[in-house]
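> Each chain, written out:
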Amino acid sequence: MTSGSAVLIEASSDIKRRYALQLGDTSLILAQRLGEWIGHAPALEEDLALANIGLDLIGQSRYLLSYAAELEGRGRDEDDLAFLRDPADFANLTLVEEPNLDFGHTIVRQFLFDAWQLELFERLQYSCDPRFAELAAKALKETLYHARFSTGWLVRLGDGTEESHRRMQGSLDALWKLTHELCAPSDTDRAAAACGLAPDLATLRGSWNARVERVLNEATLRRPVDVAYHWHGKRFQHGEHLSRLLAEMQIMQRSYPGSQW
Amino acid sequence: MTAHSQWPLYEVFIRARSGLEHKHVGSIHAADDRMAIEHARDTYTRRQEGVSIWVVRSSQITASDPAEAGALFEPAKDKVYRHPTFYEIPDEVKNL
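Residue numbers (this note's numbering), protein chains in the order written: chain A, 257 to 517; chain B, 170 to 265.
Hint data in this document are derived by calculation from the structure and do not stem from the laboratory.
Incorrect hints may appear among the rest.
[Stated by the list, open to error] Computed, partial: chain A to chain B, Cβ under 10 Å: (1) 299; (2) 300; (3) 302; (4) 304; (5) 305; (6) 308; (7) 315; (8) 396; (9) 398; (10) 401; (11) 404; (12) 405; (13) 408; (14) 412; (15) 439.
[Stated by the list, open to error] Each pair of labels, with its calculated beta carbon distance range: (16) A:485 - B:230: 52 to 60 Å; (17) B:263 - A:461: 45 to 53 Å; (18) B:191 - A:298: 27 to 35 Å; (19) B:191 - A:516: 51 to 59 Å; (20) B:237 - A:516: 52 to 60 Å; (21) A:516 - B:251: 55 to 63 Å; (22) A:418 - B:185: 26 to 34 Å.
A virtual CB, placed ideally from N, CA and C, is assigned to each residue, including glycine.
Based on the sequences and whatever the hints tell you, model everything.
So, in structure tokens, the structure goes:
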């Protein structure tokens, strides 16, 4: 018979695993999207900048997926989780699987995400689990730079030419519906917040909004209205974008299992 | 890369460690000073090459004219006594 405290520990380990997957998948999918820019960005310097941000996100993802695999205890590792899971097993935010389209669209997506990650990591530093606290403290410095980059470009293009302004507003309008999920807690978020593992997402919404509105103002962009329909990537509900992304990302490991560089 | 060719060129100087001087490492294109720092950071400090960055518009640099190299540099050639090789350097002095 299992004692009460053993059940509790097992439950908390499962919450940690699910929370690590949620954050790790989100960083991984966005990193893959940013990697698609390599060789295609409008300038060599932006090519490097986007790749650098992607690499930071890969670092976060490796840390989190390794932890998730360790907590799972089934002998899988970070690579198994990244390359051998199906779309329906990914818990990333819907926002990050959105295709790049053009540079401006990528910047809007990045800015909305960076603003959220900043708020999250500032609070996750105080997680009761030192593994999450450590990750957040390290990643916060990276995220500060990502936000500096995406904010700079958002303002530059939003408050740029007539065409750049129109296109940035168009991207913002198109992506806005996917931002509700950033601060809307999933069951995993709720459970993680309840045991002190993660911040209560409701506390993020106000500061995320304030940060975003400040920059949108500067960029002369209009804040779109919130919509009633919500997307649920964190609850494993994805569209076709994620399937295509994973097909490209996973094909080597799927075709040649265990292959190495 | 049309946008790129319209951006002005900047020269980049990186200080590798505190106490060392900034060294010229290359150049980048950027629309303004702020972007120049970011591009220099992303291009030249990815492998921990630096702790400080200077950027300057290449157009702001005044360079010597190669045609005047003779007048500028030749006269120093036969003045070996200007090299500090005629002094005994004490062993204790390390960084001369």
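> Using 10 Å as the Cβ threshold, decide whether residue 398 (chain A) counts as touching chain B.
Violated, about 12 Å.
> Given residue 396 (chain A) as an interface hint, is the shortest Cβ-Cβ distance to chain B below 10 Å?
Since chain B brings no Cβ nearer than about 17 Å to residue 396 (chain A), farther than 10 Å, the hint is violated.
> With a cut-off of 10 Å, does the beta carbon of residue 405 (chain A) approach a beta carbon of chain B closely enough for the hint to hold?
6 Å, holds
> Per the hint of 26 to 34 Å, is the separation of the Cβ atoms of residue 418 (chain A) and residue 185 (chain B) within bounds?
At roughly 44 Å between Cβ atoms, residue 185 (chain B) and residue 418 (chain A) fall outside 26 to 34 Å, so the hint is violated.
> Regarding residue 237 (chain B) and residue 516 (chain A), is the given constraint of 52 to 60 Å on their beta-carbon distance met?
With Cβ atoms ~58 Å apart, the hint holds.
> Note whether the CB distance of residue 191 (chain B) and residue 298 (chain A) lies within 27 to 35 Å or breaks it.
29 Å, holds
> Should the hint that residue 485 (chain A) and residue 230 (chain B) are 52 to 60 Å apart at their CB atoms be regarded as holding?
With a Cβ separation near 56 Å, residue 485 (chain A) and residue 230 (chain B) satisfy 52 to 60 Å, so the hint holds.
> So, residue 439 (chain A) near chain B? Judge it on the closest CB pair being under 10 Å.
Since the shortest Cβ distance to chain B is 28 Å, the answer is violated.
> Min Cβ distance, residue 308 (chain A) to chain B: is it shorter than 10 Å?
5 Å, holds
> Do the numbers back the hint for residue 412 (chain A), that is, is its least Cβ distance to chain B under 10 Å?
Cβ of residue 412 (chain A) sits 7 Å from chain B, so the hint holds.
> A closest beta-carbon separation below 10 Å is what the hint needs, so does residue 304 (chain A) meet it against chain B?
5 Å, holds
> So does residue 263 (chain B) sit 45 to 53 Å from residue 461 (chain A), Cβ to Cβ?
59 Å, violated
In summary, the numbered hints that this structure violates are 7, 8, 9, 15, 17, 19, 22.
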